[in-house]
Amino acid sequence: MLQFVVRRLLFVLPTMVAASILVFLMLHLVPGDPAIIFFGDQPVTPERLEMVRHQMGLDRPLVIQYLDFVRGIPRGDLGRSIHNRTPVFEELRTRVASSATLALAAFAVAGVLGLGLGLLSALRRGTWIDAGAMLVALAGVSMPIFWLAAMLIFVFSLRLGWFPATGFGGWNRLVLPAVALGFVTAATLARLVRSSVLEVLLQPFVTTARAKGLREAVVIRRHVLKNAFIAVVTVLGLQFGTLLSGAVITETVFARPGVGKLLVDAISNKDFPIVQGAVLFIALIYTVINLVVDLSYAYLDPRIRFD
Amino acid sequence: MRTSIRASASTEAQVLGRAAPRSPWGEALLRLRRSKSALLGGIILAGLIAAAVAAPLLTPWDPLEMNAVDGLKAPSARHWLGTDILGRDLFTRILFGSRISLQTGLISVAIAILIGVPVGLSAGFYGGLTDRALMRLVDLMLTFPGILLALVVIAILGPNLLNAMLAVGISASPTFARVVRAAVLSSREQTYVEAARATGCTNARIILRHILPNTVAPIIVLGTLGVAGAIIAAAALSYLGLGTQPPTPEWGGLLSEGRNYLRVAWWMTTFPGLAIMTAVLSINLLGDGLRDALDPRLQS
Amino acid sequence: MDRIPRREFLKRAGIGVGALAASQVLPLLTRAYAQGVGTLTYGMAGGFDTLDVTATTFTRVGRIALHIIDPLVWAVAPGQYAPGLATSWTVSPDATAYTFNLRQDVKFHDGTPLTAEAVKVTFDRIVDPNTRAQTAFSFIGPYDRSEVVDRYTVRVRFKSPNASFLDGASSPYLGIISPAAVQKYGQDFGRVVFVGTGPFMLQSYTTDAEVRLIRNPNYVWGAPGFNHQGRAYLDGIVFRIVPEDATRLATLETGETLFVEDVPVTDYQRLKSSPNKVLLEIPQAGSGWSLMMNQMRSPTSDLAVRRAMMHAIDKDGLAKTVWNNVFKSACSPLTPNMFGFDSETCRKIPYNVDQARRILDEAGWRVGPDGIRVKGSERLRLEFFLQTAPQKNIEMAAFIQANAKQVGIDVNLNVSARPAYLDAVRQGRHNLQFWWETGTDPGQILRILFHSSNAGGGTNRNNYRSPEMDKLIEQIDATADQASRKQLVVKAQQRVIDDAVMVYLADPPSLYAHDRSVTGVWVDWGGNYPYFFNTRIQR
Chain A
557 MLQFVVRRLL
567 FVLPTMVAAS
577 ILVFLMLHLV
587 PGDPAIIFFG
597 DQPVTPERLE
607 MVRHQMGLDR
617 PLVIQYLDFV
627 RGIPRGDLGR
637 SIHNRTPVFE
647 ELRTRVASSA
657 TLALAAFAVA
667 GVLGLGLGLL
677 SALRRGTWID
687 AGAMLVALAG
697 VSMPIFWLAA
707 MLIFVFSLRL
717 GWFPATGFGG
727 WNRLVLPAVA
737 LGFVTAATLA
747 RLVRSSVLEV
757 LLQPFVTTAR
767 AKGLREAVVI
777 RRHVLKNAFI
787 AVVTVLGLQF
797 GTLLSGAVIT
807 ETVFARPGVG
817 KLLVDAISNK
827 DFPIVQGAVL
837 FIALIYTVIN
847 LVVDLSYAYL
857 DPRIRFD
Chain B
202 MRTSIRASAS
212 TEAQVLGRAA
222 PRSPWGEALL
232 RLRRSKSALL
242 GGIILAGLIA
252 AAVAAPLLTP
262 WDPLEMNAVD
272 GLKAPSARHW
282 LGTDILGRDL
292 FTRILFGSRI
302 SLQTGLISVA
312 IAILIGVPVG
322 LSAGFYGGLT
332 DRALMRLVDL
342 MLTFPGILLA
352 LVVIAILGPN
362 LLNAMLAVGI
372 SASPTFARVV
382 RAAVLSSREQ
392 TYVEAARATG
402 CTNARIILRH
412 ILPNTVAPII
422 VLGTLGVAGA
432 IIAAAALSYL
442 GLGTQPPTPE
452 WGGLLSEGRN
462 YLRVAWWMTT
472 FPGLAIMTAV
482 LSINLLGDGL
492 RDALDPRLQS
Chain C
7 MDRIPRREFL
17 KRAGIGVGAL
27 AASQVLPLLT
37 RAYAQGVGTL
47 TYGMAGGFDT
57 LDVTATTFTR
67 VGRIALHIID
77 PLVWAVAPGQ
87 YAPGLATSWT
97 VSPDATAYTF
107 NLRQDVKFHD
117 GTPLTAEAVK
127 VTFDRIVDPN
137 TRAQTAFSFI
147 GPYDRSEVVD
157 RYTVRVRFKS
167 PNASFLDGAS
177 SPYLGIISPA
187 AVQKYGQDFG
197 RVVFVGTGPF
207 MLQSYTTDAE
217 VRLIRNPNYV
227 WGAPGFNHQG
237 RAYLDGIVFR
247 IVPEDATRLA
257 TLETGETLFV
267 EDVPVTDYQR
277 LKSSPNKVLL
287 EIPQAGSGWS
297 LMMNQMRSPT
307 SDLAVRRAMM
317 HAIDKDGLAK
327 TVWNNVFKSA
337 CSPLTPNMFG
347 FDSETCRKIP
357 YNVDQARRIL
367 DEAGWRVGPD
377 GIRVKGSERL
387 RLEFFLQTAP
397 QKNIEMAAFI
407 QANAKQVGID
417 VNLNVSARPA
427 YLDAVRQGRH
437 NLQFWWETGT
447 DPGQILRILF
457 HSSNAGGGTN
467 RNNYRSPEMD
477 KLIEQIDATA
487 DQASRKQLVV
497 KAQQRVIDDA
507 VMVYLADPPS
517 LYAHDRSVTG
527 VWVDWGGNYP
537 YFFNTRIQR
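Chains as they are written, first to last, in the working numbering: chain A, 557 to 863; chain B, 202 to 501; chain C, 7 to 545.
Chain A extracted, bound-state conformation (with noise of 0.2 Å):
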């Protein structure tokens, strides 16, 4: 177990500093320049463009400015963004805690929603019962998010009142923007779950189990659940990732700041600290995501601790 996890924490760093080349090359790639998009429609003569990208510091050869930010990261130091010079720390900070927060509270909804359509939907197989779940969970996963965001808006917050509008500052903010994006993660665990348990109630254990008369309850509690476990596990790694930073629909509707945005708008103006610093962050978030994922796979599932 232990040779397993070190292995998979060596392959962490080379992993990070690889996305983190790759993304700098593309960046490169990508048409525009920065100096240009700063000033955006505003007159400018030459030499203040020419000052301006020095200041940005773009006339100096591709691999010093990579070495230049790498050479921050062991003191914390991410460099200014080129657009604006706050530090990418801050920037990343404030959007970050927000993004968290949303996801965490989505996972939370989605996690409660999801294990309970599933696992009935599982124990109650043939019925309408699993029928009605599976089709709730399938339009989940079908709807367009905007849609579900803009209604339960209007819904929620403009007739009935029970929750503001806009996601910032204090708990009840986070409901409807939680409820919309947990909503689809929601309806892919439900799937899951259902799938997982019933691959576990038809084992043959499952019905050795039963014919020696070993009690319902025991039975299910300790395989079921376990499967289901590995199903939020599972879905948590591949979800997690993609609700930090892919929320950024959920996040304008509902006016919070978010990683996803900062992120667009960094693209968008070539803005390559930001989208270094923002990148390194996500990559990191979701290479230790993966490895939690991997090791309670690991920890739940002994025959899948080979590598």
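What the hints contain is simulated information worked out from the structure, not anything from laboratory work. It should be emphasised that the depicted structure is a prediction, and the values quoted were computed from it without experimental measurement. Ideal placement from N, C-alpha and C gives every residue a C-beta, glycine not left out. Any given hint could turn out to be false.
Stated by the list, open to error - A few chain C residues that don't get close to chain B, going by computed Cβ distances all over 12 Å:
#  : residue
1  : 82
2  : 161
3  : 163
4  : 165
5  : 166
6  : 233
7  : 282
8  : 347
9  : 382
10 : 440
11 : 485
Unchecked claim - Here are some of the chain B residues that sit facing chain A, going by a computed Cβ distance under 7 Å:
#  : residue
12 : 341
13 : 478
14 : 485
Following the hints, position chains B and C against chain A.
Just chains B and C now, with coordinates in the frame of chain A:
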């Protein structure tokens, strides 16, 4: 896997009093046909495809035809699903949009398969250094959430339909690689492969005749569900302004066009949203049915 | 059949009861999210680059900043200025030197007094390359230096005549900031702190989320034009960023905001007839929405093509279809409320499809088999570059495309992301692009749109280079006498119509909406800056 299919086929044959079908595919098809939900999904999907193909015949309007007088009209006998602000018929735009959305789904998945399957095959079959190197690459791609990858690809290549398909395909390919690799790993250890090797079959032959067929099932299932996912992803990109560009009608773009008119023209968002949901739902139903049909363990 | 295990049942029952209870209690708790009495929450339509008003390009930063700083003078009507931080001023006859006498009772939020030195530091900072000032830089004009004549008198000198300086000095971008704070915070000024003399002070700034201001308790130097000169009535203002139109308007209804900007045209009717909301509709000063035609690229280099475009666009139809008649159709590079607006220009370019066709026929553009005109081997195809947002410009572009097709012009829409768009239009690869200019001085507007120095990648994307026009603009800048200045402005408008430089599309009003309980809102005559110094919330 093969042996268990065969066993169940004969059992079923005894029960049904019919001659047992020989190929596992016929087996699967039979199971598929008996699944009501898969059938429903298949029928709806077939209907959508037919509508997409026959689009010009089903509507008198042109999707780009503007008629300022008819702007923001509610659904009526003249305009079945209403009009947008420039007077364009929504039903027509959704109909023509189905062409684009379905194409996008298919092509994106095709790209994902073209990239992911060879990678997964090579990694699984050759093992060792190849496996480790390729899987590190796949892991690297997986450190980026799908939407981020798509964003960067589109930022580099520019926002249009083709690049959106490319972006979605590329970001979906690591999953295919992983799944294929897992399937290859499990079938590689089978005795018949050892036997084939012993009798002197070339690697290529082994892959083609023995390994590849075992990967087809997961690819089909993943692919079907992937089409649904690709349609939603492309719609999300268009919604953000990074996919198809106006005035081309695409379901996500139609949603985006309607978002500012929610209170005065509910039809502009409701119907494209329903279209996306219906298409994705039917594909998912079909995909679930396929998965159940191709996985023999779920018989009851 | 399987029974639901007890644990499972209890879990689900618990959730059900909890939800029921919550649904009863929540409405009571959540009304508390409306802001505290005496604080105005303002719904902003988007984010911005920096809070440092001297460096920003965003008008909304100007809106926030107007409450944190005070300008030297206030623009009360086109061309008319009232005292602000300056009690009186004189302008040299050639408009190259402005001397301001400052109030002596003003203190910055950090306690330091306002002196002539502060004005000098503020203006020098704007032209300092390290500041990377944008809007402020163009408002300050051909600034040379400032001289501290004595403790409360400052003389601002320009390299060339600048008749529009008072207009710039009345904008928030040239508001006076504290030299002590600039020195103390350096690069972080505007990000962490922002110190001016205004009736409100910066309390906190959370990027992409909100800006919080609180009342300045020591404020006693309100401008004479307002109904009181002491502290503001409001306890504070919270500017919240809500980019999605539907959400922002929803916050006005739920009470989360009391004032919103950028009301979408679709909500116009509803808000106008609403009993407890007030819609503010102020004609915007500037140039309005227009279409620039690139003269350095064929076929828009052909005068006939440009003239035909001017006659081919149904502007009234555009205003009706896309803007619900909330925007009015335009026919001049200046909006009707601008000083020197000439209504005669409207008669010169009516919507006339036949005339457009005739102009093209006479210029040798024959209608081809597919309806698009051809001249020799060249197709009459125009490349129209536009950005993905706002959505309205895409709707307008589609409308224009259809209009153009009617007379045989093929307009190809190139919708691009911002970097690619800027790349294309700055290099002049476009035939058509949109432009929306706001501003309160006609000389500045004309210079931005038509002066040759701004061509070749700058703001004059028409790439219009006319020595006569340049001379006119420079004269306008140099003439302080209002009457003669007006004549020159009229002449300039007529000139650009004759040269068929741009197609003028729509004159937008600035649309704000607020709750009826909010009283005492002042907006500058240009419609750009709502000011809450006099504002009260009646409960």
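Each hint, compared with the structure:
At roughly 35 Å, the least C-beta separation between residue 82 of chain C and chain B is larger than 12 Å, which holds for a residue marked as non-interface. Distance check for residue 161 of chain C against chain B: the nearest CB is about 49 Å away, which clears 12 Å, and the non-interface claim stands. In this structure residue 163 of chain C is separated from chain B by more than 12 Å, as the shortest Cβ-Cβ distance comes to about 46 Å. Non-interface status of residue 165 of chain C relative to chain B is upheld: no Cβ of that chain comes within 12 Å, the nearest being about 41 Å off.
Residue-level check passed: residue 166 of chain C sits 42 Å from the nearest beta carbon of chain B, beyond 12 Å. Every CB of chain B is more than 12 Å from the CB of residue 233 of chain C (nearest about 37 Å), matching its label as outside the interface. No beta-carbon of chain B comes within 12 Å of the beta-carbon of residue 282 of chain C; the shortest separation is about 17 Å. With 12 Å as the threshold on Cβ separation, the claim that residue 347 of chain C sits away from chain B holds: the shortest Cβ distance comes to roughly 28 Å.
Every CB of chain B lies more than 12 Å from the CB of residue 382 of chain C, the least distance being 29 Å, so the non-interface label holds. Here residue 440 of chain C stays apart from chain B, with its beta-carbon at least about 14 Å from theirs, past the 12 Å limit. Distance check for residue 485 of chain C against chain B: the nearest CB is about 44 Å away, which clears 12 Å, and the non-interface claim stands. Against a cut-off of 7 Å between C-beta atoms, the interface hint on residue 341 of chain B holds, since the closest Cβ of chain A lies about 5 Å away.
The closest approach between the C-beta of residue 478 of chain B and any C-beta of chain A is roughly 5 Å, which is under the 7 Å cut-off, so the hint is satisfied. Annotation: interface hint on residue 485 of chain B holds; nearest CB of chain A at approximately 6 Å, less than 7 Å.
Violated hints for the displayed structure: none, as all numbered hints are satisfied.
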